[in-house]
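K.L.:
For the sequence shown, the tail end lands on 600 under numbering that gives the first Met the number 0, and the numbers increase by one without skipping.
It is possible that some hints are incorrect.
Below, in silico cross-link-like pairs of lysine to aspartate or glutamate (EDC-like), each with a Cα-Cα straight-line distance of 16 Å or less [claimed, not checked]:
{"#": "1", "residue 1": "LYS121", "residue 2": "GLU330"}
{"#": "2", "residue 1": "LYS121", "residue 2": "ASP412"}
{"#": "3", "residue 1": "LYS574", "residue 2": "GLU330"}
{"#": "4", "residue 1": "LYS574", "residue 2": "ASP412"}
These are calculated hints, taken from the structure and not from any lab test.
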Amino acid sequence: MRRFPDPDPGNPDHRSPTSYLLWLAAYQRNALFAGALYGIVHVVAQALVPAAVGKAIDTGIIARDQRALLLWGGAVVVLGVVQATAGILRDRAALTTRLGASYRTAQHIARQAARLGAALPKRVAKGEIVNAGVVDIGRLGDALAETARGSGAIVAIAVVAAILLHTSWQLGLVVLLGVPLMVGVVSLLLRPLHRRQQRLREQQAELTGRAVDIVSGLRVLRGIGGEEVFADRYRDDSQRVRAAGVAVARVEALLDGAKVLLPGLLTTVVVWLGAHYVATGRMGAGQLVAFYGYAVFLVDPLRRLTNAAGRLTQGHVAARRITAFLALRPEFAPSAVAPAPYQGPAPLTDPASGLTVAPGRFTAVACASPADAATLAARLGRYTDSAVTLGDTPLADLPPDEIRRRILVADNDDRLFAGPLREELRGRGSDAEVGGRGSDAEVGGRGCDVALDGRGRGVGLVGRGSDAVLERAVDAACARDIVEALPDGLDDLVEESGRNFSGGQQQRLRLVRALMADPEVLILIEPTSAVDAHTEARIAHGVGELRAGRTTLVFTTSPVVLDRADHVVYVQGAKAVAQGSHGDLLADVRYRSVVAREETE
């Protein structure tokens, strides 16, 4: 299947909402053209029905010509069949256009989220992504799909006007002047509608983001008694959204009223003039019936035209939000340099801090400030631009996929995904998902039965996708009690974001998942912060045994974990100021004040 290319926001043709809609329409041109063609055939056939009925009355009924009556009656039937067939084909093409535009825009949004990776939560609110992926893509699809009906409406108005001008130039002139006048009145309502829809869209995104934050932090809110405070804030925000929605509804109500009133006025004028012409002998009864049919018929294309204008307005608002999201850029550009042949485990070095993680060892880093741990982990995992090297190769020279295969950063902001626990812990398919950092969080967990993969790379855990290895990882993370407490054990279902587990349970399950990924370098940030000291000691021992011979780096201030590490580094002011064993570093008052919680003078 041909991959649908992403738009390039750096290209001037893809920056504005209008240009994005046109660009997206270019990839839907076949369906758009077919929909417009069928729409035109549909409305032209419908527009010719009053003319055929009028001819049947004048030449058949009034003239008492049975042959003419059958001829024009048959023409009405044929036009009805053509109209129905074209209408079905038009709706099929419109559906293809709508779904194609919606799903392809969803692909763009997903790829952009993957491209931003760890920078995504820093740049965009959660509610913004939810609305873009649910509401905006639908409005874009509706805007493009409406072109089939809109183009047919324009042609229908032109055809009817031509017929009326041919029959009576006065009535034709009324239509030609009345239609633009109605379009002008409707356009006056579209501008305030556009502004109010934009305001409503922004407030909906903010409200959705607040709802996501409340749901994800509900356990914490209950713990501190903050439920009512946040409920009141959400209630106030929702009322503002409601008021904005009512403001949009007022304009939409006026627009809907105009869709009925203005065509009705035009119909009244046309019928009144036609009746006057019949009374003065300038027009036959059949022509009057035809003119009345045209006047009634015009209501539908005019309504479709105004509907198309409204859909395009909503689509323009949605395209504005989507193009703003697509214009975001990652914090640093990925390298296009091909990775060097794998040379085996190598030290991971951060020149800025002086931290070096030796290969094949269990290293622990105690930071005086928790912010330093997050900063160093982001550098070592290439989530921020830095001069970190893996062996002699700068991480900046490695493709992101290579970095993610070799280095995994797991912290307490990672998420558990919904689904069977067994699949969640060992990864779905051939890849182990570790979550928490956008697309950057997917780390290959390619199951194997030997100690080396196809490139001669050591994989650590032999057959790591097997149930036996999963059981070992569960024991290493001290998560056996969690599994045994579930009715179906590892086959039990994880609810969204792991909300059916406590904070400590989630932390241990995330650790199991990280161990199953079995990267060359595993970086853990406070993996035991939510468990008791006894469990902490068992986890430190289990992780050390399971990761024996593999590079493991743990950012922690837990004396139990630090004592288990092969090497300990003390970081202060984002610099490695001391290193050695835990016992040796206890002689350093700075280290002891952080680890043993002693007050320094």
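K.L.:
Now tell me, hint by hint, if it's right for this structure.
P.N.:
Against the structure, the hints:
no.	hint	result
1	LYS121 / GLU330	holds, 10 Å
2	LYS121 / ASP412	holds, 13 Å
3	LYS574 / GLU330	violated, 23 Å
4	LYS574 / ASP412	violated, 24 Å
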